[in-house]
Amino acid sequence: MADDFILELDNVSKYFGTVIALKDVTLRLRRGEVHCLLGDNGAGKSTLIKTLAGVHPPSTGQYRVDGKALAFRSPREALDMGIATVYQDLALVPLMSVARNFFAGREPVKKLFGLLPVMDMAHANATAVQKLADMGIAVRDASQLVGSMSGGERQCLAIARAIHFGARVLILDEPTAALGVKQSCNVLKLIHTARARGISVIFITHNVHHAYPIADSFTVLNRGQSLGTFAKADISKEAVLEMMAGGSEIQGLFDELEGRAA
Amino acid sequence: MTVIEETLGMSKAGDASPDERVRRLTAWHLLMGRPELGAIAGAILVFGLFGVFAGDSGMFAIDGVMNWAQVAAYLGILAVGACLLMVGGEFDLSMGSMIGFAGVMVAAPVMYLGWPAWVAVIFAFAGAMALGLLNGYLVVRTKLPSFIVTLAFMFILRGLTLVLSTYFANGTIISGVGDRLADDPIVRTLFVGSTGAWIFHGLASLGWIEVLAGGEPVVNGIPKVILWWVVLGAVAAFVLARTRAGNWIRTVGGDANAAKNVGVPVKRVKISLFVFTAFCACLFGVLQVADVGSAAADRGLQKEFEAIIAVVIGGTLLTGGFGSVVGACFGALIFGVVQIGISFTNINSDWYRVFLGAMLLLAVLFNHYIRGRAAAGK
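For the protein sequence lines, the chains are A and B, in the order given.
Quick note on our numbering: the first sequence kicks off at 147 and runs consecutively.
Quick note on our numbering: the second sequence kicks off at 692 and runs consecutively.
No lab work stands behind these hints: they were computed from the structure.
Nothing false has been slipped in among the hints.
Below, in silico cross-link-like pairs of lysine-lysine (DSS-like), each with a Cα-Cα straight-line distance of 27 angstroms or less:
1) A:Lys191 to B:Lys951
2) A:Lys256 to B:Lys958
3) A:Lys196 to B:Lys958
4) A:Lys378 to A:Lys335
5) A:Lys196 to B:Lys951
6) A:Lys196 to B:Lys834
7) B:Lys951 to A:Lys277
8) A:Lys383 to A:Lys169
9) B:Lys951 to A:Lys256
Derived CB-CB ranges, DEER-like:
10) A:Leu258 to B:Gly887: 23 to 31 angstroms
11) B:Trp889 to A:Leu258: 29 to 37 angstroms
12) A:Ala323 to B:Ala732: 36 to 44 angstroms
13) B:Leu918 to A:Leu258: 19 to 27 angstroms
14) A:Pro263 to B:Tyr1060: 34 to 42 angstroms
15) B:Gly887 to A:Ala268: 30 to 38 angstroms
16) A:Lys256 to B:Gln993: 40 to 48 angstroms
17) A:Lys256 to B:Gly887: 29 to 37 angstroms
18) A:Ala379 to B:Tyr1060: 55 to 63 angstroms
To spell it out: a stretch of chain A is covered by chain B in this simulated footprint if at least three of its residues, at any positions, have a beta carbon under 8 angstroms from a beta carbon of chain B; those stretches are:
19) 235 to 241
20) 250 to 256
Model, not experiment: these values are computed from the prediction.
C-beta: ideal position from N, C-alpha, C; glycine also.
Model the full structure from these sequences, guided by the hints.
Put into structure tokens, the structure is as follows:
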């Protein structure tokens, strides 16, 4: 059932000189699922994202989209295939309006007096507000500056923008990392909405409590290697946490702390 | 104090809107969000002040108006270029030196190499824009602050201007070029003198403006520099506000990395802006040579700072990403009114620079306040 997967990494390794950033990692993203990529700092998450996004070509192994092996030469090519990555910096400009940010680099253009090409602000405003409303984010005024939005709203804006510009696969790099509880909740809701519209999501995080409720499956990375992919039914939250943190090590620490407290 | 209370009161009203995710934007907020507000308010203030202190001195008679409008127009041309560049997140400190250098690029070939005036003018524009390209290329290529790169060119160009004028004219002034420019029909049409004399003759015959002893009206047309300023300002304001390129300039200045990630050609935008500022500086230089009739090594001295001050008074942030061409034009207008107006009052004109420095400080404080509000979302 290879065609069941929209995106596959097959035994992918990535070397930077003598550094082995990724070693034989296999990751398969089913169509329409939320796949959580978990790992502690230094586990190779960033390298894996950049490989998926087309920034780094794999050193060995195969990258397949819709079952076909591909070699992206630039992130732009991945984007053209509908694979959109929302990095932590979100690529938003705080001093620009919601609409100007939403369409930055892909401005809608109309002809003024049938002659002068101008940015179609009316269309940009209406579309930005509409698309954000579809995702459950109420912005009444598209000329509001992004700087006046909360971190959660900005994250949602970046995700909504990626979806509007034809993302089939959303790669979200720690979207809840800098957010409070309620704002994280809004982002998780948005991921849920995206899945309901048939978009496949790779959700990178080191927070199991955010990952577990929303994910359909998990891949855990540790020191550049995959510890395996698990369906939600097959694994408990505790088991994921334990695997991520290096298992026995952290258990030992917990025991020690509890023992001392007792 | 009332302003602050008013704002607080209004944001409270905003919080009370039925949907907690929807903020109500008041007219006050929208007004405060306009970058050019400060400059327009400043211009009104300055007009008011001079209206009181110099209202009956002839400053606001037609010839007085042309006088300060011309000063404002020269600076305004420069400020329009500097404004777009600063919204794009960069500086050009070589603009003032470029004015002098462009003047020599026109005058020396005409006077000493026998070139036709129109060829020399094209040569000057091409040369200036090539230097702008070099400035821009060095900035985007080395990723050094444009402050340093263009500071280097400020000295290089000023020095070259002196070297060339000494080499050709054996002095710091190349004179006699004015007549040669006026003799060339293309150059005369575009850059020399004023236009629209018939309007003023008409107005004079209606008795609306004063007439000199010889029957000529006191003002015999609108200086072309003013027309250039208006046209250039209108085009640049339109580009920044309404076009795709305008959105790119804002994005590049706001966050160059974000701009790159959303597919904006950051390097091309920045280099184009440096070329445009060089064009503006050259236009200043050519118009001045045509007006004064000579090129000189000290032309445009410190104009880069005046342009930056006008742009900052106009509400453009020094950090880029936010600003207004209309604001910059009002900033230049304030300059012109103050510089000329002060001589119409009994205030000692030594106070001119004090006033400008104070204006700049006020404008920066005001911008800082606005930006803080925008970032904090108040």
